[in-house]
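J.: Could you slot chains B and C onto chain A? The hints should help.
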Amino acid sequence: MDHAIQIEQLTKTFGNFTAVNAISFEVAPGEIFGFLGANGAGKTTALKMLTGLLKPSGGQAWVAGIDVQRKPEQVKRRIGYMSQKFSLYEDLTVRENIRLYGGIYGLKRTDIKAKTAVLLEKLQLEPYADQLVAGLPLGWRQKLAFSVALLHEPRIVFLDEPTSGVDPLTRRQFWDLIYEAAHNGVTLMVTTHYMDEAEYCNRVSIMVDGKIEALDTPRNMKKTFAAEDMDEVFRKLARSGS
Amino acid sequence: MNRFFAFVLKEFRHIYRDRRTMLILFGMPVVQVLLFGFVLTNEVKDANIAVLDPSKDPASIRLTNKLVSSGYFRVAANLQSPEQLEPAFRNGSIKLALVFPPDFGHTLDHEGTAKIQLIGDASDPNTATTLINYANAIILNFQQEYAQSSLGAQQAPQPMILAESRMRYNPEEKAVFNFVPGVMTLILMLVSAMMTSITLAREKEMGTMEVLLVSPLKPLQIVLGKTAPYLALSFLNAVLVVLIGMLVFGMPMRGSFLLLGFECFLYMFVALSLGILISTRAQTQMAALFVSALSLMMPTIVLSGFIFPRESMPVFLQAVGTAFPATWFIPIVKGVMIKGVGLSYLWKETLVLVGMAVVFIGVSVRNFKSRLE
Amino acid sequence: MRTVLYLVQKEFLQIFRNKFMLPMLLVMPVVQTILLSYAANYEVKNLSLGVVDHDLSPMSRQLVATFGASGYFTVYNTVFSSKIADADLARDRTDLILEIPPHFERDYIREGAGKVAITANAINAVKAGLAIGYANNIVRAYSLSHASPVAVNRPPAAIQVEYSNWYNPLLDYKTFMVPGILGEIIALIICFLTALNIVREREVGTIEQLNVTPIHKWQFILGKLLPFWMISLVMMTVGLTVGWLVFRIPMLGNLWLVFAYTLVFAPCMLGIGFLISNFAESQQQAMFTAWFFLLIFILMCGLFTPVDSMPEWAQWLNTINPVKYFVEFMRLVLLKGATFADIQQNFFTVLGYAAVVNGLAVWTYRKRV
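So the sequences go chain by chain: A, B and C. With the numbering used here as the guide, the letters of the first sequence map in order to residues 95 to 336. With the numbering used here as the guide, the letters of the second sequence map in order to residues -6 to 366. With the numbering used here as the guide, the letters of the third sequence map in order to residues 420 to 788.
Bound conformation, chain A alone (with noise of 0.2 Å):
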């Protein structure tokens, strides 16, 4: 397989609203692969559709080598997602949520066993290790559900605004964890809403209104558009849309 992801005319409709509106790009395997955009701009929209939880209105994707439209079951077992909303359950521990996770893909108990040790290890969670979630701080849990969805070692991973309200020291520290499973060959798809977060990206889409208007290196957009960092990318391409 040549790409990740691959996606052709992508639509998503909801009523008269056209939420994503006849995307097309790929993402190439081991890319950062960042996806900016305000809020409401489709975003979560075209995210939900390649993770399979979001029916496609029109246009094909393929995830992993697989149709999206028509086999999104298959597609959820190569794949790990982490949800703007926080998706660990509060009222388990920090190990259970673990055992859980491990538990749903299939891992065997001695395997959830060993994962759980080297990841409590790696984050630094041990003496937490049996507190109710509910208990960390935003940041940590941040990190615990990434590393959750990294646990049945997915080949691509989804992330839909991984940082939003975490303190900038814990930001800088989640995109470490996101350097590192690149360099393991992991695939990753981000959205954000912070700009300074798009520098971090091999390349960076720009959503407005459903549409992809700006799609490249980080370094090019910046030259194209003639700006001094992102944020400033991002404030001609709106004003230009609208």
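Between beta-carbon pairs, the in silico distance windows are:
no.	chain 1	residue 1	chain 2	residue 2	range
1	A	108	C	779	21 to 27 Å
2	B	208	A	165	48 to 54 Å
3	C	502	B	-5	51 to 57 Å
4	C	583	B	103	22 to 28 Å
5	A	154	B	-5	55 to 61 Å
6	C	664	B	309	15 to 21 Å
7	C	565	B	164	27 to 33 Å
8	C	727	B	103	34 to 40 Å
Don't read these hints as lab results, they were simulated from the structure. We treat Cβ as the ideally placed atom computed from N, Cα and C, and that holds for glycine.
T.: Only chains B and C this time, still in chain A's reference frame:
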């Protein structure tokens, strides 16, 4: 004060725009009152009975016919032998069996006394008691007629006491008179208490309550502001339900409309303040629901006198029953609508409801404040 | 199947961790069953009698005393004005009034007929009917015993009625109410729990995380249903044990049959809860929808008012009331000792019901919208 009114107005618009809430508030009670008004009755009509009559003489046939023509019973099975009784009861098709001895009429005429047996299916004891009592009354009546027709001619009349009976307030013996006030009371209570407790718990869960708490409004104002629109809507609801009772079920309105309106308003206020009280304690919507629906629903149905007569309950449970507002409102509705009595007769019930409202609101405000400190 | 076990484990952890949930599941049903079973009876006793005695003769006093001694009536007061008696009736202080006119005794002796009037508060017509029935019997019995033997050559023909109350000879309504109320409360709890639990996961967002995993719909649903299924069995066991200890309800039928039935009945209620959750957008909606149906199920199940007294269309409507089947079953098996052959139609109806509801729940559950 202006701020307070602005707040109430905002809350009112908020609810009014929410179509689904309006549907819950008005649609569900109306459907339920209509349904239960027609369905709930303890009167016996056409109950299936089995007759085992080996004598088949004029007296036994006359008695059987008399039972059937009363309208309470319908002969579902004519049995041939006592062995058939058990299976007939077992599969639940009959509720009562009437067993004549052989030579019933002959014994009655010549020995002056004859035995018959009534067997009730007491696995539902309430129905069994009612059926046996009805049957018994009919048999006694038959006995008098029979005695008169067979002996009357030859004997001097025996001194008698004639008891003339009157059914006060409900001469047509309509079951709706008993059940409709209870249904109204139950449903208005549950809908209002659930609605408020869950709405407020939801605000707590979502964190929107915090926003209100940091506003310059006082806790009491917040609580009242949140409830005022529901009080208005619940009161409208109560009026609607009363109208259904009158127009659909033929409930009379012998007392004062104004008094009933006042009492409904008071009762809805009690229900809402109970809802508020629950919400100050419950942390989640689920907790609020469990308290307001689960622990209020069954006890209110059983203990309030809605279905089961309160005076037959053990004293302890009668006491428990007094803690439920419905227990006090049912006599008020019956009093005003059916008996046509005024406040001079209902002041005790009214005072209890006022007291409940004061206690509920008082405790809620205290809970509310202690949360802030 | 292993996946389902992980989901079940998670569900149990969450339930047991919730301080509020356990008492709700174990204590509340038992307490309510015990308390309410004592109260739920139609028995008409302790009737309060107001007397208006205009005659004040030995005979009128004797008649009043007979009422007092009958066991059915307590004489509330004896007054001399109908107005006062009417007011007491209106205040619910009395249930019925016995009015003895002036010259009652004289009329009885001279003219052979004395008259009394009995007025009952008939708002509850059935209760009033019974009260008047009792009162008539007392008057008649008194009249017979008082009749001077000289006047009667031969007693009139009398029919002696013998009563027997099968399956529950002492007419102990508790034996009927305990299994019924227990079943209702269990139905109430598990239906609410399932509906809310799922909608809550949707509101919080955790369900989305489950939906991007490869678990099958049936695995997810089974993972939700199994824990509540087991809990309902525990509730049933605890409730019946307490019922047996406290009330000595006869356990005539096969207890295994009761549990087998609970195994089928519980999924029925769970499935309804699940179905509601599939169509509800918020916890509030789920609650009110569930409440709407549950109140109807409970009031129409035949425990409180007889199903046979309901209008035809309501009885027809009742065929979709699972609680009705439960109450019917419990009565047949626990009190009448019915065997499987007697109740198989009921059993299979509920089994089919459970299959249909849960089938619909799986079918309408959408992992992808």
